[in-house]
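Using the sequences plus the hints, can you model the full thing?
2 protein chains.
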Amino acid sequence: MTLLNLTPDEVLATTRSVRKRLDFSRPVEPEIIRECLELALQAPTGGNRQQWHFVVVTDAAKRQAIGDIYRRGWALYRAQQQPVMEKLAARYPERAQTQMRVLSSADYLAEHMHEAPVLLIPCIAGRAEGLSVAEQAGLWGSILPAAWSFMLAARARGLGSSWTSVHLLFERDAAEALGIPYERVTQAALIPVAYTDTPTFAPAKREPVESVTHWDGW
Amino acid sequence: MTLLNLTPDEVLATTRSVRKRLDFSRPVEPEIIRECLELALQAPTGGNRQQWHFVVVTDAAKRQAIGDIYRRGWALYRAQQQPVMEKLAARYPERAQTQMRVLSSADYLAEHMHEAPVLLIPCIAGRAEGLSVAEQAGLWGSILPAAWSFMLAARARGLGSSWTSVHLLFERDAAEALGIPYERVTQAALIPVAYTDTPTFAPAKREPVESVTHWDGW
Chain F
1 MTLLNLTPDE VLATTRSVRK RLDFSRPVEP EIIRECLELA LQAPTGGNRQ
51 QWHFVVVTDA AKRQAIGDIY RRGWALYRAQ QQPVMEKLAA RYPERAQTQM
101 RVLSSADYLA EHMHEAPVLL IPCIAGRAEG LSVAEQAGLW GSILPAAWSF
151 MLAARARGLG SSWTSVHLLF ERDAAEALGI PYERVTQAAL IPVAYTDTPT
201 FAPAKREPVE SVTHWDGW
Chain W
1 MTLLNLTPDE VLATTRSVRK RLDFSRPVEP EIIRECLELA LQAPTGGNRQ
51 QWHFVVVTDA AKRQAIGDIY RRGWALYRAQ QQPVMEKLAA RYPERAQTQM
101 RVLSSADYLA EHMHEAPVLL IPCIAGRAEG LSVAEQAGLW GSILPAAWSF
151 MLAARARGLG SSWTSVHLLF ERDAAEALGI PYERVTQAAL IPVAYTDTPT
201 FAPAKREPVE SVTHWDGW
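The listed protein sequences correspond, in order, to chains F and W. Residues 1 to 218 (our numbering) make up the first sequence, in order. Residues 1 to 218 (our numbering) make up the second sequence, in order.
Errors might be hidden in some of the hints.
Because identical chains cannot be distinguished in the list, a pair is counted as satisfied if it fits within a single copy or across any two copies.
To be verified - With a straight-line Cα cutoff of 25 Å, these simulated SDA-like cross-link-like pairs (lysine to any residue) come out:
1. 87 x 50
2. 205 x 157
3. 62 x 212
4. 87 x 132
5. 205 x 32
6. 20 x 214
7. 62 x 133
Read the hints as simulated data drawn from the structure, not as lab findings.
What follows is the structure, encoded as C-alpha cells:
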C-alpha cells in the first residue's frame with residue numbers, strides 16, 4: 001500500500017470527481033479497499049448505531065449489470081437535465097459551459113462505469129421513503145459522511161473515485177443484481193474506484209466562499 | 001492559524017464527535033472558520049450546482065435561541081429513544097452500555113449547545129419533503145459531504161465539533177431565528193465548533209469492517 005505524501009488540507013482540496021482519468025486497466029488490491037473502509041467506519045453515524053453496509057463489486061458480470069443500470073439512470077437524468085441546461089445557458093452562459101463540460105465528462109463515465117475495477121455501493125438500514133426532514137437528516141447523515149471518508153482515504157492512496165447516484169432511479173434492479181435486501185436497506189450512492197493516471201489534481205473552481213456564507217443570519 | 005501535525009489517515013480516524021471536551025471559553029477566529037468552509041466547498045455537489053449555504057452563528061443571543069430549539073428537539077428525541085434503549089438493553093447489554101454513554105454525553109452537549117462559540121448550520125437549496133430516494137440522494141449528497149469536510153478541516157486545526165440534527169424537529173423555528181428562507185432552503189445539520197481541551201483523540205470503537213462489508217453481493 002502506497003500513501004501519497006499529501007496533507008489533510010490537500011486531500012480535502014483535491015479529492016475531485018475523477019471520471020476521465022481513471023485507469024481501468026490497473027487492478028485495485030482488496031486490502032486497500034479494506035483500509036479505506038476501515039477509515040470510513042470512523043465517520044459519525046446517528047446515535048452511534050453503525051447501521052451501514054458497504055457492497056464492494058469487483059466481479060466483471062456484476063459490474064456489467066450495475067453499469068447497465070447506471071446507464072439507464074443516466075439517460076433518464078440526462079433527458080430531465082436538458083431543459084434545465086437550456087434555461088441556464090440563456091441566463092448564465094459561462095456557468096452553462098462549465099456544466100456542459102461536467103455533463104460530457106459524466107457521459108464518459110456512464111459509458112465506462114462497468115470498467116472500473118471496483119464499484120462501491122454504501123447502504124444504510126431502513127428505507128428513505130416518506131421520512132420527515134429530521135428523519136432524512138438522520139438516515140443520510142448516518143452513511144454519506146462515511147462514503148465521503150472512503151473517497152478521501154482512497155485519494156490519499158492514489159485512487160480516484162466519483163460520487164454518483166442516478167442508478168437509484170432503478171434502485172430495486174441494482175438491489176436484485178446484488179442481493180441487497182431492498183425492503184429494509186437503502187442504497188446511498190454508487191462510487192466507481194480506480195487508480196488514476198496521475199497523482200496530481202488541482203482544487204475545483206468554486207464560487208467564492210463569501211457568496212455562500214451567512215454570518216449570524218441569512 | 002495552527003495546523004496540528006496530522007496525516008490524512010489520522011484526521012479521518014480521529015475526527016470524533018466532541019461533546020464534553022469542547023473549550024467554550026476560548027474564542028474561535030472567524031478566519032479559521034472561513035478556511036474550513038473554503039475546504040468544505042471542494043466536496044462534491046450534485047451536478048456541480050453548488051447550491052449550498054453555510055450559516056455561521058456566533059452572536060450570543062442567536063446561539064441561545066438555537067440552543068433552546070436544539071434542547072426542545074433533544075428532549076423529544078430522547079423520549080422516543082427510551083423504548084429503543086430498553087429493547088437494546090434486554091438483547092445486547094454491552095452495546096446498550098455504550099449507547100447510554102453516548103446519550104449521556106449528548107445530554108451534556110444539549111445543555112451547553114449555546115455555549116459553543118460557533119454553531120454551523122449547513123443548508124441546501126430546495127426542500128426535502130416528498131422526494132424520491134434518488135432525489136433525496138441528490139439533495140443530501142450535495143451538502144453532507146461538505147459538512148463532513150468542514151469537520152475534518154476543523155479537526156486538522158485543533159477544533160472539535162459534533163454532528164447533530166435533532167434541531168430539525170423544529171426546523172422552522174430555527175429558520176425564523178436566523179432568517180433562513182424555510183420555504184426554499186433545507187437545513188441539513190447543526191454543528192457546534194470549539195477548540196478542544198486536548199489535541200489527542202483516539203479512533204472510535206467500531207464493529208469489525210468485515211461485518212459490514214459485502215464482496216460482490218450481500
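Intra- versus inter-subunit Cα pairing at 25 Å for residue 62 with residue 133: between (34 Å within a copy, 22 Å between copies)
Within, between, both or neither, where residue 205 and residue 32 count as close if Cα-Cα is 25 Å or less: between (30 Å within a copy, 21 Å between copies)
Homo-oligomer pair classification [residue 157, residue 205; C-alpha up to 25 Å]: both (23 Å within a copy, 23 Å between copies)
Alpha-carbon proximity context of residue 62 and residue 212, limit 25 Å: This pair counts as between: shortest inter-copy Cα distance 19 Å, intra-copy 41 Å.
Alpha-carbon proximity context of residue 87 and residue 50, limit 25 Å: between (42 Å within a copy, 17 Å between copies)
Identical-chain pair category, residue 20 with residue 214, by Cα at 25 Å: neither (35 Å within a copy, 27 Å between copies)
25 Å Cα threshold - placement of residue 132 relative to residue 87: Between copies, since 24 Å is at most 25 Å while 31 Å is not.
Checked against the numbered hints above, the structure violates only hint 6.
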